[in-house]
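Chemist: Read in order, the letters of the sequence shown correspond to residues 84 to 324 in my numbering.
These are calculated hints, taken from the structure and not from any lab test. Among these hints, one or two may not hold up.
The calculated BS3-like cross-link candidates involving lysine-lysine, where the alpha carbons are at most 27 Å apart (straight line), are [as the list claims (entries may be wrong)]:
| # | residue 1 | residue 2 |
| --- | --- | --- |
| 1 | K197 | K178 |
| 2 | K138 | K178 |
| 3 | K167 | K188 |
| 4 | K247 | K128 |
| 5 | K178 | K278 |
| 6 | K153 | K197 |
| 7 | K247 | K138 |
| 8 | K193 | K278 |
| 9 | K126 | K192 |
So the derived label-pair ranges between C-beta atoms look like this [stated by the list, open to error]:
| # | residue 1 | residue 2 | range |
| --- | --- | --- | --- |
| 10 | N295 | Y210 | 36 to 42 Å |
| 11 | A152 | G321 | 43 to 49 Å |
| 12 | T204 | N158 | 46 to 52 Å |
| 13 | I107 | E251 | 51 to 57 Å |
| 14 | T256 | R302 | 24 to 30 Å |
Glycine is no exception: its CB is placed at the ideal position from the N, C-alpha and C atoms.
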Amino acid sequence: MFFIANAFGRFDKSSGFTLAEILITLGIIGVVAAMTLPTLVTKYKDKILVSQAKKLYSETFNGIKMYTAKNYCANESCLFDISKTTDEVNREFFKMFEGATYCEKGSKKKLCQKYMVLSNTKLNNGYGQTGYGDNIAPPFILLKSGAVIKIAQQNECPRTYESKVRDENGNFTGEVEIKTTNICANIYLDSNGPKAPNQRGADIFVHTFNINNKFGIDRLFNKVLTEGKLQYTPYRAGVEY
Numbered sequence: 084m085f086f087i088a089n090a091f092g093r094f095d096k097s098s099g100f101t102l103a104e105i106l107i108t109l110g111i112i113g114v115v116a117a118m119t120l121p122t123l124v125t126k127y128k129d130k131i132l133v134s135q136a137k138k139l140y141s142e143t144f145n146g147i148k149m150y151t152a153k154n155y156c157a158n159e160s161c162l163f164d165i166s167k168t169t170d171e172v173n174r175e176f177f178k179m180f181e182g183a184t185y186c187e188k189g190s191k192k193k194l195c196q197k198y199m200v201l202s203n204t205k206l207n208n209g210y211g212q213t214g215y216g217d218n219i220a221p222p223f224i225l226l227k228s229g230a231v232i233k234i235a236q237q238n239e240c241p242r243t244y245e246s247k248v249r250d251e252n253g254n255f256t257g258e259v260e261i262k263t264t265n266i267c268a269n270i271y272l273d274s275n276g277p278k279a280p281n282q283r284g285a286d287i288f289v290h291t292f293n294i295n296n297k298f299g300i301d302r303l304f305n306k307v308l309t310e311g312k313l314q315y316t317p318y319r320a321g322v323e324y
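All chains, full assembly: derive it from the sequences and hints.
Modeler: If you want it as structure tokens, here you go:
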């Protein structure tokens with residue numbers, strides 16, 4: 084009996100952990116979790132954004148097909164009509180979405196306010212600071228899901244416009260150049276509306292409709308369609324570039 088008790092006593096003592104060993108192990112687990120958790124959270128959020136972006140893209144272009152069919156149009160140019168204003172185009176397209184809200188210019192509704200859009204990577208605002216690449220302002224369509232669709236319609240196509248010249252560092256030189264574009268309308272799709280991150284390549288993609296009645300798919304959206312991946316680098320606006 085003494086042998087058995089003594090044997091078990093030695094076994095318990097040699098196989099147990101001291102308080103210090105437990106605390107060290109917990110500390111290591113905590114460090115590993117702190118290092119890996121942000122990456123896992125980001126991957127999870129990106130997966131949701133990819134799903135939302137695909138859904139909104141499908142809803143939008145199905146809506147365009149529906150509009151074309153309902154109005155007996157020969158092609159999609161009957162919606163993206165240069166004789167119409169941006170407000171007219173968005174109001175007409177809004178009717179294709181059940182339960183949507185039309186955010187008109189000057190609206191006081193909380194979710195109908197202008198909000199700024201970051202570029203997919205750090206962007207020099209022309210004055211040596213990181214800046215916003217664009218903005219989404221009423222009029223636009225706020226879907227029941229919280230997503231936003233905005234069509235920025237041009238009143239002439241092709242058109243010429245002035246563009247500020249930048250130097251090799253991205254700063255404005257004070258000069259302007261005249262450019263020409265065949266884009267008749269820009270189609271802004273924000274898969275989660277005014278909610279963050281409000282960044283191109285993450286939750287916002289801009290497709291186009293051109294003079295040849297063809298759609299141009301945002302290059303940042305191609306990888307979403309083919310690989311289910313986003314292309315953006317998180318950054319803050321207003322800091323030194």
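Chemist: Does each hint hold? Answer for all of them.
Modeler: Each hint, compared with the structure:
1. Between the alpha carbons of K197 and K178 the distance comes to roughly 22 Å, so the proposed pair stays at or under 27 Å and holds.
2. Simply put, K138 and K178 have alpha-carbon atoms about 19 Å apart, close enough for the 27 Å limit, and the pair holds.
3. A hinted pair counts as satisfied when its Cα atoms are at most 27 Å apart, and K167 with K188 qualifies at roughly 16 Å.
4. Restraint check for K247 and K128: the C-alpha separation of about 36 Å exceeds 27 Å, so the hint is violated.
5. Distance hint between K178 and K278 is fulfilled; the C-alpha atoms sit about 24 Å from each other, no more than 27 Å.
6. A hinted pair counts as satisfied when its Cα atoms are at most 27 Å apart, and K153 with K197 does not qualify at roughly 31 Å.
7. In summary, the hint linking K247 to K138 is not supported, as the alpha carbons are separated by about 36 Å, beyond the 27 Å threshold.
8. Of the pairs offered as hints, the one joining K193 and K278 holds, with about 12 Å between alpha carbons and a cut-off of 27 Å not exceeded.
9. Proposed proximity of K126 and K192 is contradicted: the alpha carbons are some 33 Å apart, above 27 Å.
10. N295 and Y210 have their C-beta atoms about 37 Å apart, which keeps the hinted 36 to 42 Å range intact.
11. A152 and G321 have their C-beta atoms about 46 Å apart, which keeps the hinted 43 to 49 Å range intact.
12. Checked against the hint of 46 to 52 Å, the pair T204 and N158 fails, with Cβ atoms roughly 35 Å apart.
13. Between I107 and E251, the C-beta spacing of about 53 Å keeps the proposed range 51 to 57 Å intact.
14. Between T256 and R302 the beta carbons are some 27 Å apart, a value that agrees with the proposed interval 24 to 30 Å.
Figure legend: structure checked against the earlier numbered hints; hints not met, in rising order: 4, 6, 7, 9, 12.
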